[in-house]
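Mapping to the numbering used here: the sequence shown position 18 is 18, numbers consecutive.
Hints are supplied without guarantee of correctness; some may be wrong.
[Unchecked claim] Derived lysine-lysine pairs resembling DSBU-like cross-links, with alpha carbons at most 30 Å apart:
no.	residue 1	residue 2
1	K69	K98
2	K98	K75
3	K69	K47
[As the list claims (entries may be wrong)] The calculated label-pair distances, taken between Cβ atoms and stated as ranges, are:
no.	residue 1	residue 2	range
4	F73	N124	21 to 31 Å
5	D91	K58	19 to 29 Å
6	N122	Y96	34 to 44 Å
7	S72	Q43	34 to 44 Å
8	G135	S104	14 to 24 Å
9	R120	H89	31 to 41 Å
10	P102	N122	21 to 31 Å
To be clear, the hints were calculated from the coordinates, so they are not data collected in a lab. Cβ atoms here follow ideal geometry from the backbone N, Cα and C, with glycine treated the same way.
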Amino acid sequence: DPIRIPVNIEEMLRSKLTLASSEESKLVLDFIQPSSDYLLFRQNLEKNFVSLEHCVLKEKAFAGTIKVKNVSFEKSVMLRVTFNSWRSHLDVGCEYVKDSYPSSYCDTFSFDVVLPPELRPNENVEFAVCYRVGGAE
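Whenever a hint applies, use it, and build me the whole structure from the sequences.
Printed below as a string of structure tokens:
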């Protein structure tokens, strides 16, 4: 299924990272990389103005990039992350990434989120992307 990230933060898609239990606990992504179908990724970016581009797992962390449609010079991107099904959350600011091949069409932002050490196997990490531009989300 395509990942759509609505502009309105209240309706944002929540993507999940799941801890899978095996001989040793390890993180696994439970969604397909959004940019793996590049045409669909570009269509979603055009329609929604923002899209998760890719996400990678690291040792007790996850990182990735977000593409946003360049509709204004002033903009901010953040991740809202929860480790307990939205009973609480953490806001993580994303950093602008200077592209090797600049485009006036879109900008790239990166994120890096350290996971809490008390996270146990089969627990979920959920996150939503927020794009603020021109006084709107």
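Here is how each hint holds up against the structure:
Restraint check for K69 and K98: the C-alpha separation of about 15 Å stays at or below 30 Å, so the hint holds. Taking the CA atoms of K98 and K75, the gap is about 14 Å. The hint holds against a cut of 30 Å. A threshold of 30 Å between alpha carbons decides the hint, and for K69 with K47 the separation of about 9 Å falls inside it, so the pair holds. Between F73 and N124 the C-beta distance comes to about 36 Å, which lies outside the given range of 21 to 31 Å.
Under the hint 19 to 29 Å, the C-beta atoms of D91 and K58, about 20 Å apart, fit the expected range. For N122 paired with Y96, a C-beta distance near 35 Å keeps the hint of 34 to 44 Å intact. Between S72 and Q43 the CB atoms are about 22 Å apart, so this pair departs from the stated range of 34 to 44 Å. Taken as a hint, the range 14 to 24 Å holds for the pair G135 and S104, whose Cβ atoms sit roughly 21 Å apart.
For the pair R120 and H89, the supplied restraint of 31 to 41 Å is violated, since their beta-carbon distance comes to about 19 Å. One distance hint, 21 to 31 Å for the beta-carbon pair P102 and N122, is violated here, with the actual separation near 43 Å.
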